[in-house]
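Asker: Protein sequences, first through last, are from chains A and B.
In terms of my numbering, the first sequence has 507 at position 507, counting the first letter as 1, and numbering is strictly consecutive.
In terms of my numbering, the second sequence has 160 at position 160, counting the first letter as 1, and numbering is strictly consecutive.
Since the hints were derived computationally from the structure, they do not count as laboratory data.
Certain hints may be false.
A few chain B residues facing chain A, derived, Cβ under 10 Å [stated by the list, open to error]:
| # | residue |
| --- | --- |
| 1 | P69 |
| 2 | G72 |
| 3 | A74 |
| 4 | G95 |
| 5 | W110 |
| 6 | R111 |
| 7 | M131 |
| 8 | F134 |
| 9 | G135 |
| 10 | A154 |
| 11 | D158 |
| 12 | W164 |
Even glycine gets a Cβ: it sits at the ideal position worked out from N, Cα and C.
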Amino acid sequence: MWRAALFAALVGLSAAGGRTQAAPAQGATGEDGQWTMPAKDYAATRYSALADITRQNARSLHPVWTFSTGVLGGHEGQPLVVGDTMYVVTPWPNVLYAFDLTREGYPLRWKYRPEVSANAIGVSCCDIVNRGPFYADGKIVYNLLDGHTVAVDAHTGRELWKTQVADLGEGETVTMAPLVVKDRVIVGASGGEFGIYGWIKGLDLGTGQTVWTARNLGPDSDMRARPDTFKPPYDHGTDLGASSWANDSWRTGGAPVWGFISYDPELDLFYYGTGNASPYNPEQRLGDNKWSASVLARRPADGALVWAYQFTPHDNWDYDATGTMILADLTIGGRAVKALVHFDKNGFAYTLDRASGRVLLARAFAPVNWARAVDLSTGRPVLEPAKQTGASRGNVKGICPSLEGGVSPSSPAAYSPRTHLFYTSTNNLCMDYAASHTTRLKGTPYMGVNTPYSAGPGGYLGTFMAWDAVSGRKVWENHEPYPTWSGALVTAGDVAFYGTLDGWFKSVDARTGQVLSKFKVGSGVVGNPITYRAPDGRQYVAVYAGIGGDWALLSGDTRSDDPTDVRAPADYVPDIARHTSQGGIIWIFAL
Amino acid sequence: MRPRLPQCRMRRPATLLCTVLACAALAACARQAPTAATSSTATTLPAVRYEAHLTAGGLPPAGGVLHNPHQGDAAVARSGALLFAAMNCDGCHGGGGTGWVGPDLADGRWRYGGADAEVFYSIYYGRPRGMPAFGGALGAEGVWTLVTYIRSLAPPADLPTESWETK
């Protein structure tokens with residue numbers, strides 16, 4: 001089948017036969033060699049048409065440049081390359097570096113050091129991460145952990161505006177990468193562990209002023225859901241975001257936004273996932289808890305909600321749906337479909353019609369036992385009664401996947417229009433879930449759970465795999481000894497790239513998964529590789545090293561920034577500290 | 001690296017039930033809201049010293065002395081354990097105080113000092129890097145209850161070497 005697919009790609013077909021026939025949602029033609037937005041393009045494909053690095057020559061990839069960020073937090077996210085400059089945002093304190101790619105050694109053009117409140121560290125559930133900047137209209141736009149969005153002149157490094165968008169006192173921080181559409185900067189807040197009233201905002205790109213605010217739950221008026229424009233595919237009625245929460249629990253119901261956002265210019269819709277419902281004890285918020293653990297489609301200009309679909313109704317496993325929504329035009333059953341493909345923490349991979357929100361396919365991509373399947377007629381999961389949780393159920397054992405997710409939402413997948421395959425890291429972990437009553441005290445965690453992890457079946461903890469979103473099947477997978485938390489990159493050379501938690505950066509054959517090159521980068525990789533063509537005309541691949549993102553991992557002596565904080569190793573990865581420790585490094589590879 | 005602590009297996013920390021006792025403790029705290037943070041007079045500066053701090057001229061600043069009215073009281077420590085969960089302390093510091101987002105409180109090592117008065121200050125007034133001030137919500141009596149619990153956690157022997165070759 002891959003030969004047919006390759007042929008189709010070579011001749012540039014978009015309507016040939018073959019059930020996996022596909023084309024990118026936005027033009028992969030006219031590749032300019034830059035990487036100007038977090039997920040490469042609005043469709044969030046993380047696919048580059050650069051093809052100097054191929055399956056044949058990738059084995060000669062080697063590092064050509066490194067730079068220490070001086071920061072020990074988890075280095076999620078990715079650099080940008082705009083013209084002849086590389087931009088890097090560090091974890092807190094969120095320094096922005098601009099490297100001159102035209103000169104030997106890539107000296108800095110400038111760096112921008114905002115003042116970011118250290119209080120934000122204590123309100124960050126899952127490390128002091130930042131998922132990267134966005135370039136638009138001569139500006140680098142990104143978020144600060146303490147709840148600000150900033151725009152910096154991409155040429156001079158001068159701050160153009162700085163807007164407070166989130167409230168640390170409510171438990172809100174901002175870790176996500178913004179999306180810029182025309183003159184709108186779209187941002188959301190983390191805080192699903194603090195009982196926030198989750199939201200997304202649209203700022204004006206020119207001034208930074210907040211133009212609209214839309215809640216992800218609550219009454220229709222707060223959600224910017226109007227009866228004439230909001231058409232959810234499976235639900236009817238008004239104020240679903242409030243009526244699906246017992247006792248007005250939506251007021252502290254979470255539904256944060258901390259993943260990557262995608263956008264379809266033809267439909268003029270942007271797509272984002274919402275995180276878990278708060279608190280983790282589901283009996284304090286009976287009901288479906290819409291629209292937590294959901295995908296929402298909105299208009300960028302005014303934030304109007306157009307449709308919403310909930311992957312995990314009444315989330316009682318911390319199954320955030322903040323993973324990327326990749327937009328691809330697929331041929332399904334002989335019909336061209338504007339699809340949205342999403343790998344969820346709940347272990348199912350979903351293929352949706354992105355115009356309507358209807359589910360076309362949902363198949364498990366990792367071990368799943370909380371549900372048996374997804375009913376395509378209702379869009380709802382078919383639940384396994386023994387794996388439902390709550391304080392009155394005590395310790396519910398052996399739930400798969402764990403709350404780290406079948407895939408971490410911080411590990412965005414990639415899509416190649418040449419192979420028609422999606423590439424993603426996965427976790428092979430299960431958990432026990434002992435919920436308990438908890439009380440909300442503003443600015444402190446609002447959780448109520450204890451969830452020890454264990455390895456899933458098979459004796460490995462992570463994979464990197466290729467997925468066919470039309471047939472809903474795994475094409476190949478590479479097992480990894482630790483959970484795999486890096487994002488994916490795939491190129492027109494049919495090479496895919498990812499990093500591992502024990503610090504290997506690998507290139508693999510996108511058609512078979514065969515490892516072509518690997519290099520030990522000094523710290524575990526939780527960032528997302530990118531590729532670009534530098535001013536010297538060559539193709540490069542860049543990635544961050546810098547383990548983090550989950551405090552359980554920072555047990556043992558990897559907590560190197562604080563000698564007064566000594567912890568036992570996490571027992572599901574007892575020897576990770578033997579193979580890696582903290583430390584942020586930017587790596588660049590070339591042939 | 002010291003030997004393995006009582007296992008902190010979870011990413012998300014344990015939370016005890018908000019039992020009748022914990023709620024009672026909270027109510028008691030509320031009643032005794034922040035009348036006096038110290039046993040000294042209001043005009044006397046407190047003389048808290050951190051173990052690791054140096055003093056200019058070798059002269060620690062003079063001042064009032066904070067005294068834990070419940071020092072070593074096991075019953076108060078048990079109440080403190082419930083309060084530790086009820087106030088969501090475990091949400092950051094983990095079940096048993098063994099660390100999660102916030103540092104381990106049971107490892108015998110302290111950023112801001114581990115004496116009763118020093119721990120009192122950390123809880124009552126908060127600390128940079130995100131430790132909230134609980135003095136307003138708990139009052140002095142509630143904070144002393146937490147201090148008594150935290151100080152009751154027995155640190156393991158501090159063995160700074162961790163070896164993967166010889167176990």
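Asker: Decide, hint by hint, whether the structure agrees.
Answerer: Each hint tested on the structure:
1. P69: violated, 24 Å
2. G72: Result: violated, 24 Å to nearest chain A Cβ.
3. A74: Status violated, d = 24 Å.
4. G95: This hint holds: G95 of chain B lies near chain A, its Cβ roughly 6 Å from the closest one there, short of 10 Å.
5. W110: Hint holds; W110 of chain B Cβ to chain A Cβ min 6 Å, cut 10 Å.
6. R111: holds, 5 Å
7. M131: holds, 6 Å
8. F134: holds, 9 Å
9. G135: Result: violated, 14 Å to nearest chain A Cβ.
10. A154: violated, 15 Å
11. D158: holds, 8 Å
12. W164: Given a least distance of 5 Å, the restraint on W164 of chain B holds.
Of the hints listed earlier, those the structure fails to meet are numbers 1, 2, 3, 9 and 10, in rising order.
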